[in-house]
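K.L.:
Sequences listed follow chains X and A, in order.
Each residue of the first sequence is one higher than the one before, counting from 1 in our numbering.
Each residue of the second sequence is one higher than the one before, counting from 1 in our numbering.
I should point out that these hints are in silico values taken from the structure, not numbers from a laboratory.
You may find that some hints are simply not true.
Covered stretches of chain A, going by a simulated chain X footprint (3 or more residues, C-beta under 8 Å) [as the list claims (entries may be wrong)]: (1) 21-30; (2) 46-54; (3) 121-132.
Glycine included, C-beta positions come from ideal geometry on N, C-alpha and C.
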Amino acid sequence: MKLLYFGRLAEIAGTRGGEVALPAHVTTVAAARDWIGETQPELAEALGSERVRALADDEFVGNDRSLAGVAELAFLPPVSGG
Amino acid sequence: MILVTADPIDPAALLAGFSAEHPQAGAIVSFVGQVRGGEATALHLDHHPRFTAKVIEQIASDARARFAIADCLVVHRHGDLLPGEPIVVVAAASDHRRAAFEAVDYLLDRLKTEAPLWKREQRASGAQWIEARPSDLADRARWEAARAD
Numbered sequence: 001m002k003l004l005y006f007g008r009l010a011e012i013a014g015t016r017g018g019e020v021a022l023p024a025h026v027t028t029v030a031a032a033r034d035w036i037g038e039t040q041p042e043l044a045e046a047l048g049s050e051r052v053r054a055l056a057d058d059e060f061v062g063n064d065r066s067l068a069g070v071a072e073l074a075f076l077p078p079v080s081g082g
Numbered sequence: 001m002i003l004v005t006a007d008p009i010d011p012a013a014l015l016a017g018f019s020a021e022h023p024q025a026g027a028i029v030s031f032v033g034q035v036r037g038g039e040a041t042a043l044h045l046d047h048h049p050r051f052t053a054k055v056i057e058q059i060a061s062d063a064r065a066r067f068a069i070a071d072c073l074v075v076h077r078h079g080d081l082l083p084g085e086p087i088v089v090v091a092a093a094s095d096h097r098r099a100a101f102e103a104v105d106y107l108l109d110r111l112k113t114e115a116p117l118w119k120r121e122q123r124a125s126g127a128q129w130i131e132a133r134p135s136d137l138a139d140r141a142r143w144e145a146a147r148a149d
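Just chain X, same shape as in the assembly (with noise of 0.2 Å):
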């Protein structure tokens, strides 16, 4: 699957993201999350708040989605266009 992240956890994960292959267990946005966190503790506080939303194949999505068929997830901070 595809991780990518933007703006201030782009910088703090020091990558916009790339291939990456889950473990097994991680089969929800709630577990990518968590696993991410343990895996790159720098971004553990980010993926841990809620105002950094999963976009799962351009659709937001809650923390119970399932990977299931999930190409690219995308974590997303608060915006700031215009």
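Based on these hints, arrange chain A on the given structure of chain X.
P.N.:
Positioned in the frame of chain X, the structure of chain A alone reads:
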């Protein structure tokens, strides 16, 4: 036209093109947002290569449905900008001015609070990521209230 681009934008040229596309319109209202001067010495604007334009398309589509406008234009920069550079151009064409004024106001309120764009201001003291302000959210909420009336 909806466009999210790393290239410098030319508001006058965009507006001339938009006006030429709508010779029947009685009103064209436009807004140009510039990178504010002051403490910030530069601005970086991050975007999602596909989803940002998709969200802006939806916001524009909502504006076309909600107001009596013939069309609207949104061109937004991403990448690195300097104070004084245009960051966003929004325009609407309509038969009568009120609808175009309201559509532009609405588009901007939603762009500021919903478009997946992330600003990082560079200051002498360091860099800082910006979030929509409470006043931006309050501006956005006005349209919900108006709809509920």
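K.L.:
Which hint numbers does the structure go against, in order from smallest to largest?
P.N.:
1
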